[in-house]
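> Given next are the chains, with one letter for each unit.
There are 2 protein chains.
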Amino acid sequence: MQHEKPSRTQAERRAETRRALLSAARTLIVEKGYAETGTPEIVKQAGVTRGALYHHFSDKADLMRALVRQEAEEIAAEINTDTNTGQTPLEAFMAGAKAYFSAMSIPGRAKIMLLEGPAVLGVSEMAALDRETGGATLLEGLRHAEKHGALESVPLEPLAELLSSSFDRAALAIANGEDRGAYEQATRKLLAGVLSSRSEISAAVEKNNL
Amino acid sequence: MQHEKPSRTQAERRAETRRALLSAARTLIVEKGYAETGTPEIVKQAGVTRGALYHHFSDKADLMRALVRQEAEEIAAEINTDTNTGQTPLEAFMAGAKAYFSAMSIPGRAKIMLLEGPAVLGVSEMAALDRETGGATLLEGLRHAEKHGALESVPLEPLAELLSSSFDRAALAIANGEDRGAYEQATRKLLAGVLSSRSEISAAVEKNNL
DNA sequence: ATTAACATACAGGCTGCATGTATGCAACAC
DNA sequence: GTGTTGCATACATGCAGCCTGTATGTTAAT
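For the record, the sequence lines run as chains A and B.
Counting in my numbering, the first sequence runs from 1 upward without gaps.
Counting in my numbering, the second sequence runs from 211 upward without gaps.
Just so you know, not all the hints are guaranteed correct.
[Said to hold, decoys possible] From the derived model, a few chain B residues whose C-beta atoms are all more than 10 Å from chain A:
| id | residue |
| --- | --- |
| 1 | Ala225 |
| 2 | Gly261 |
| 3 | Tyr264 |
| 4 | Phe267 |
| 5 | Ala338 |
| 6 | Asp340 |
| 7 | Gly345 |
| 8 | Ala346 |
| 9 | Arg353 |
| 10 | Asp378 |
| 11 | Arg379 |
| 12 | Ala396 |
| 13 | Lys399 |
| 14 | Gly403 |
| 15 | Ser406 |
[Said to hold, decoys possible] Dumping the calculated DSSO-like pairs for lysine-lysine here, alpha-carbon to alpha-carbon at most 27 Å:
| id | chain 1 | residue 1 | chain 2 | residue 2 |
| --- | --- | --- | --- | --- |
| 16 | A | Lys111 | B | Lys270 |
| 17 | A | Lys32 | B | Lys321 |
| 18 | B | Lys254 | A | Lys111 |
| 19 | A | Lys32 | B | Lys270 |
Simulated from the structure, these hints should not be mistaken for lab results.
Backbone N, C-alpha and C fix where the C-beta goes; we use that ideal spot for every residue, glycine too.
Build the full structure now, drawing on both the sequences and the hints.
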């Protein structure tokens, strides 16, 4: 038999199939959601068979896991590029938030990372994956700010979680076409409040008779 | 006939079947998750057949919808009971947050309302349901605080959303056994910062050289 | 020739619907 | 009042289609 075929190496062949599967899965899951997307449809769009899918991934959820991981790594890479820390801690936090919003504005990304991902893999696995790729940038920032007088006797891990959830909500709203400036203003308000010292806040609250 | 018939009225019969279905679905979905719970298992635990399920609900998601609605109404009722508004706006917000945390501490409730519900019904439908039952209490509080000088030129709807997402995250953590006091402190920090006036915050931030 | 990369075939389960059955209920005659 | 008759509601059963995961077969690379 004469073989006119490209004669790809095994690694190339494998990588290309895997890439086609991830690409097809991403398109369909973004469009219709994970549960409504069947593996027959995915492999059809990828131009392979279900055999290839189950050769590369242990099950459908494992394919989703790989998709989420790929997306998380891209996000981390984009954010690390815009690592121009601002002058003050507040501006540094805002710069990080804006970079996060920008990264999450890639079409479909917010749906994958904030809706379908947690639903399929669970929040704990998503959190573990975030720790692997992104790291606890937000928490580190809070620890740093604590040394400079603000954040007296406030548990930092919970505070970081609450802020993180707000960032996620803002990113989701922005990705859904809401007014980006409004959510950035609200985010700034939250951060500015957190970064002011406790005594100053108390004074301000009392003075305004709140 | 061997056994005498209960001779329930139709309404009683219907209500009992519906209640058994909702109760069984709640138990199993809390334990194993929505996707992992099949309708055969639900009807088995409820002591009826799948015919009854599809007579009462249009499909499996509709059963979940009814479960979420029931839970939302219970939450609203519990929160309206603890309607002791605090002295200051900050204390009023904190009282509301604590009441929410308490209501969401009912076993399984956080999983239903914050994880499975949004995954199955989507965030938009969950938000609409919240608007029906709970109302926009948080947003109203912010509007009221705005009149008293704080919150100058900050978009309130986005800010309310961000705070709401933080409350949800805190409720989820508390329901998962995390330290409740720590999350309440973090919540208070967030709220205190938001409720202080913008100029005071700016002054505080500058003074602390943040 | 051996192994990795895929394709094909199959079994089990689940969902939703279509059809069948029984139970309560209302009206009417008596 | 009471029996019975017709009917709608509440539910049970059976079936078709789809999907997932696995087991087995085939092809291509080394």
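> State for each hint whether it applies.
Against the structure, the hints:
1. Distance to chain A confirms B/Ala225 as a non-interface residue, since its nearest Cβ pair spans about 31 Å, more than 10 Å.
2. Every C-beta of chain A lies more than 10 Å from that of B/Gly261, the closest at about 24 Å, which supports listing it as non-interface.
3. For B/Tyr264, the non-interface assignment is confirmed: its Cβ lies about 19 Å from the closest Cβ of chain A, beyond the 10 Å cut-off.
4. With a cut of 10 Å on Cβ distances, B/Phe267 stays outside the contact zone with chain A, its closest approach being about 18 Å.
5. Even its closest Cβ contact with chain A, about 15 Å, leaves B/Ala338 beyond 10 Å, as expected for a residue assigned away from the interface.
6. For B/Asp340, the condition that its CB be more than 10 Å from all CB atoms of chain A holds, with the nearest at approximately 14 Å.
7. Distance check for B/Gly345 against chain A: the nearest CB is about 19 Å away, which clears 10 Å, and the non-interface claim stands.
8. For B/Ala346, the non-interface assignment is confirmed: its Cβ lies about 15 Å from the closest Cβ of chain A, beyond the 10 Å cut-off.
9. Once the 10 Å rule is applied to beta carbons, B/Arg353 is consistent with being away from chain A; the minimum gap is 14 Å.
10. Interface exclusion of B/Asp378 from chain A breaks down, the closest Cβ pair being 7 Å apart, not more than 10 Å.
11. B/Arg379, annotated as away from the interface, has a beta carbon of chain A within 10 Å; the closest lies near 4 Å.
12. With a closest Cβ-Cβ approach of about 4 Å to chain A, B/Ala396 is found to fall inside the 10 Å limit, against its non-interface label.
13. Interface exclusion of B/Lys399 from chain A breaks down, the closest Cβ pair being 5 Å apart, not more than 10 Å.
14. The beta carbon of B/Gly403 is not kept farther than 10 Å from every beta carbon of chain A, the shortest such distance being approximately 2 Å.
15. With a least CB separation of 4 Å from chain A, B/Ser406 falls inside the 10 Å interface cut-off, contrary to its annotation.
16. For the given pair, A/Lys111 sits about 23 Å from B/Lys270 by alpha-carbon distance, which is consistent with the 27 Å threshold.
17. Taking the CA atoms of A/Lys32 and B/Lys321, the gap is near 24 Å; set against the 27 Å cutoff, the hint holds.
18. With a C-alpha separation of about 35 Å, the suggested pairing of B/Lys254 with A/Lys111 is violated against the 27 Å cut-off.
19. Pair hint A/Lys32 plus B/Lys270 holds up; C-alpha atoms about 18 Å apart against a cutoff of 27 Å.
When the structure is compared with the earlier hints, violations turn up for hints 10, 11, 12, 13, 14, 15 and 18 and for no others.
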